[in-house]
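Enquirer: If you read the protein sequences in the order shown, they are chains L and B.
Residue 1 is where the first sequence starts when you use our numbering, and the numbers rise one by one after that.
Residue 221 is where the second sequence starts when you use our numbering, and the numbers rise one by one after that.
Treat the hints with caution; some may be incorrect.
[Claimed, not checked] So the derived label-pair ranges between C-beta atoms look like this:
| no. | chain 1 | residue 1 | chain 2 | residue 2 | range |
| --- | --- | --- | --- | --- | --- |
| 1 | L | S59 | B | S531 | 25 to 31 angstroms |
| 2 | L | Q64 | B | K613 | 37 to 43 angstroms |
| 3 | B | G551 | L | A162 | 43 to 49 angstroms |
| 4 | B | D617 | L | D171 | 53 to 59 angstroms |
| 5 | L | G96 | B | S544 | 29 to 35 angstroms |
| 6 | L | G117 | B | K613 | 52 to 58 angstroms |
| 7 | L | D171 | B | E498 | 21 to 27 angstroms |
[What the hints assert, rightly or not] If you only want the chain L side, here are some residues facing chain B, beta carbon under 8 angstroms, derived:
| no. | residue |
| --- | --- |
| 8 | P26 |
| 9 | I51 |
| 10 | G53 |
| 11 | A106 |
| 12 | T188 |
| 13 | I195 |
It should be emphasised that the hints constitute simulated quantities derived from the structure, not laboratory data.
We treat Cβ as the ideally placed atom computed from N, Cα and C, and that holds for glycine.
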Amino acid sequence: MEPLREITAVAAPLLRDNVDTDAIIPSREMKTVSKTGLADGLFAGWRYTAIGGREPDPSFVLNQADFSGARILLGGANFGCGSSREHAVWALHEYGIRAVIAPSFAPIFAANCIRNGLSPVRLPADAVAALAAHVAVDPRSRPITVDMLRCEVRAAAVDGAAALRFPFTFDAESRDMLLEGLDAIDLTLKHRADIEAFLIRDRSARPWIHLGRHNPDRST
Amino acid sequence: MAPRTLFDKIWDQHVVRELADGVALLAIDRVFLHERTGSVALKGLAAAGRPVLDPARVFCTMDHIVDTFPGRGDATRMPGGEAFILETRAAARAAGIRVFDVRDPQQGIVHVISPELGLALPGATIVCPDSHTCTQGALGALAWGIGSTEAEHALATGTLRVKRPRRLRISVEGRLAPGVTAKDLALFILARHGVAGGDGFVVEYAGSAVRALDMEARMTLCNMATEFSAMTGLIAPDEVTFDYLRGRPYAPQGVAFDAAVAAWRDLAGDADAVFDREIRIDAAEVPPMVTWGTSPQHAVGIDSAVPAAGSSGAAPEAHARALSYMGIEAGQALASLPITAAFIGSCTNSRLSDLRRAAAILRGRRVAPGVRAICVPGSMSVKRAAEAEGLDKVFTDAGFEWRESGCSMCFFAGGESFGPRERVVSSTNRNFESRQGPETRTHIASPETVAASALAGHIADPRRVARPEAA
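Next up, chain B with everything else stripped away, as it sits in the complex (with noise of 0.2 angstroms):
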């Protein structure tokens, strides 16, 4: 057999059959649903009189517009919110299917969950219709994101249609510098190719500072791989991911654990695998990370200047749109920019590593006069985890506000905003325009970014926080 890709092994293990013009009908191992999209997709299967082929399957979440505030019910801060949760608790039991609801303790956002349930195994199809499903290709899986009828699709017949796609191998090797994150490295990515580089492609990330990262970064970095335009991203699962799966309530245990493990090593792409394009990044040149404009291509080092026209890879026309939503001009420093909010959440960053970080830097200190701060956990288990590690009391300590798990402010949805032409460091990963919030103007960075610009009260670099005195 001809040397594979761990794309390449994946594909073949799922094909049911091959259908024409590079097309195959793939198995689909887990599809997740949440409120805002996959309501619409049980309520259109369940119109159709068409059955959900293996309920024990798929798995459904309250993440997207469920209020985050403590206390919360069903009642959104969005305008007819609760209809989507109602709808979408009826169809999921009326289907069959486990739906970590609003007051479940293992409610969060679903590609949070996902992993630290063991859902999302390494070899296995996961589709959500959300963008980032990408997220869990950190596990070595094929996750991807769908439309709600195809979504439908995958409920019904436990399978897709799917083109296949080029295989492109991102190489980071060396090590990535103190302070500088897998959400810098995802932005890097951007910076330098473009939100289009990635179009056809399903992306493996690769090399030595890939390795090096942990299960909760590499998901940071598969996380921006929708972004990149390409179907996905995923990363050999090795002694990382079998440690980190290890244990979880849905992956399997003991003996079948074991067994498991055996066939995941052998996923790993053959070494003389062929990929249809490569890229390769010195981790060493990676710096922290901001955006400065409106679409998440628009990134430079934090220590830069918003770029000129002609210089920023973005037409004319754009670059200007982009620097008048975001009210600055080219040749600012992007570290004097003065912010009213900042957000740690989502998908990109919420995870328990992701806090810890974070609160490192807010330790003993106080949120700059005038900056919202908020901090909303990925799923109530990492909210439980970073309050038995008093992280809780570190944010609100520092005038952070803690919530219950959720997708929270990433996107704005009718409900709560910070404002128009309110400027935001946020741990996202979109900064379209009014994407949180009509007008607001939205700069994406790591959650240690986030932190050190919360306290400073402009865009700050992580670095120049001096690290207190070890008690």
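Extracted from the complex, chain L is given alone in its bound form (with noise of 0.2 angstroms):
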């Protein structure tokens, strides 16, 4: 995975509360089994005039030419909820997302973004309103650095405006995931002693969970 350390870019507002990953990526763009060909069907919904189409609503944010190669969304609260579908995350990334800044993400869809190098970043909703009102004025002139090594989201100063400055908290595990762009099944596997030590023990204290003897798929 490629590590994320500071990305400095177009943000795009998306500022609506509870944006499900049905909206993200609707299941009709889900087309085969595979994690890439998604990046058209980001936002299928809303980006396009009609259903199954490809025309593009000029309405939507990403489609408007002061976003065009936006890589950081500014979404708002509970970012990502329903579905567990990892496509959302896959879909984002290879349209070029690398951050999200949200006041909260719903959780499979956060440790989705952790093992695809996207980053969750939570920030207050009058933080995230108040980098959305800087970038509204001029987003290509205006873009917004996400700091994973600070743990702070910064624009600078900019035509009078003052420059902007937020810290956010996230969970080290996490952080060393993204910064190091660690493959957590490797990580793990140097755990494989305590993981077998483990299973022994249990045998005898859950033997019910041990399927191995009483399985009605391995008895017939």
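Combine the two chains into a complex, taking the hints into account.
Expert: Next comes the structure, spelled out in structure tokens:
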């Protein structure tokens, strides 16, 4: 996984609350058993004029010239709620998004972000609103920086507007994963001996969990 | 040892190793996969050359896009869907995983078949790349939805790296009124505390009204913990749980079952265990609920009017957008809204008791003209049991379609849908924009309310449907 340390980019506002993963990628856009080929389906229901079509709806933020090349989304509360489909994160990532800044995230969506090099940054609603207001004046000359090393979101002073700086908290494990681009399975397999020791203990403590002997599939 | 909650005890029992910052490496007892999101996990794992650590604890079903019309095969209504079924089958077989396949008599929706087969057990950790995995918390398990990459991790290592959540107890005391169900309680909690109300928490449902629920109703309640943005929900195992599990195929049998029950009795939280947050609900306050908008928190009592902006808890713009999408106005009586479709099914409400309660309302009656009504049993076992009682005849005589089991029209995958601007009363869990089809308008409710509404041709209070005289 590609490390994510610091990103400075155009930020697009999508400030409604409860943006669900059906909206991020409709199920009908998940056409093959694959983690790729999903960017065209991103926000399909809002982004295109017709269901299944590909004619851009000019009213949708990512279709506006000011926000082309956006790599940061500013979102509302409970971003990514609903279905666990990781396709929502794969679609965002493939489109180019590397950070979503929102007051809160649905837990499965946030975990999926971490596993794919996309940072779910929690900031209070008024901070997200301040960033959106700052960007709105001229999105292209007012990029936002997400700094995972310092755990802060910044916007530089520009045209008389003061600089903005919002620190955020991030759990250490997730932050390390993003900063180093780590593969969680590789990390965990270093604890193989602990896992095997657990299983030996657990087979006697909770034999009903371990289906080896009384598994109806295997005893017939 | 300090007093512990049910969650604490399950967590502690599964810690393989403490990692940094409140994250633990947790042992995972059961992994479930389905063709929609499990297929891609198996494919990813195979591509990385990583074997499944213990295939005997992994199970796979075909539920999400599998056809639900009688006589079905691998072909799907969703364009290209057959490839998901074929690839899932091939990958699962190659990995040595038990598949409840399209024609398997035990096939069904993952969160219906796992409990009914005795795969979900008290105290177990259970994951599936599916948000409604929380349903299985009803058995006193720690069961939660994950992404496909996390599923790969669970398959390859038998563990997950999990940040310990805070603990929230929702105590529901008293008794639910007649005609009020676990579904109404779930919607009531969402309406009162919002869809982000469980953010950062694992929820334990407790109190006399929860203990009084049967096992299937408990599953309905826990099912919507993900709509609350909680990690999951769970209920302490008790005699109801043990009676439900006794004799189920994958549950321990005989003396092994008795030994397991003895251990499971110790899982209930200590009396003086402390929660990080407490919510108390008076069961008598809960009416039959129905959603009016495009979020599960947009729910009100069925006798209510569509709320005005400012009284709904939604931001004004979100409120206006939801009204516009749903084609309704503030102040309209919900119970007057004409419907064109009714759907009974999904991992929330498709079990035998759900079908029985709906059938009790439908028996001897016909759905209103112009209403398309569909019933999709949650598993083939549920379907057979319902048919043995003649429930299929009650549904079909009333004008319902009677389907094979699967997730069906709970969500739109590009195949079947109800149509643009059609108004559906549905026993499902999500009323998001276009969830059941492009521009389809979904009102979530209990199976009873769906049945009563189908008969009336408009959203209707099931308590007002006169019961036919006992024959």
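Enquirer: Can the suggested window of 21 to 27 angstroms be confirmed for the beta-carbon pair L/D171 and B/E498?
Expert: holds (25 angstroms)
Enquirer: Hint L/P26 vs chain B: min CB-CB distance below 8 angstroms?
Expert: For L/P26, the interface hint holds, since the closest Cβ of chain B sits about 7 angstroms away, which is under 8 angstroms.
Enquirer: Once the shortest beta carbon distance from L/A106 to chain B is found, is it less than 8 angstroms?
Expert: holds (5 angstroms)
Enquirer: Could you check if L/I51 really has its C-beta closer than 8 angstroms to a C-beta on chain B?
Expert: Holds - the Cβ of L/I51 comes within 8 angstroms of chain B, reaching about 4 angstroms at its closest.
Enquirer: Double-check L/I195 for me: the hint is only fine if its C-beta lies closer than 8 angstroms to a C-beta in chain B.
Expert: Status holds, d = 6 angstroms.
Enquirer: Does 52 to 58 angstroms hold as the CB distance between L/G117 and B/K613, or does it fail?
Expert: Holds, at about 55 angstroms.
Enquirer: Does L/T188 pass the interface hint, meaning its C-beta sits closer than 8 angstroms to a C-beta of chain B?
Expert: Holds, because the Cβ-Cβ distance from L/T188 to chain B comes to roughly 5 angstroms (cut-off 8 angstroms).
Enquirer: So the hint says 53 to 59 angstroms: do the beta-carbon atoms of B/D617 and L/D171 match that?
Expert: Holds: the Cβ-Cβ distance is about 56 angstroms, inside 53 to 59 angstroms.
Enquirer: Check the following: the C-beta atoms of L/S59 and B/S531 are separated by a distance inside 25 to 31 angstroms.
Expert: With Cβ atoms ~28 angstroms apart, the hint holds.
Enquirer: Holds or violated: 43 to 49 angstroms for the Cβ distance of B/G551 and L/A162?
Expert: holds (45 angstroms)
Enquirer: Okay, L/G96 versus B/S544 on CB: inside 29 to 35 angstroms?
Expert: holds (31 angstroms)
Enquirer: Using the nearest Cβ pair, does L/G53 come within less than 8 angstroms of chain B?
Expert: Given a least distance of 11 angstroms, the restraint on L/G53 is violated.
The structure is inconsistent with the numbered hints 2 and 10, although it conforms to all the rest.
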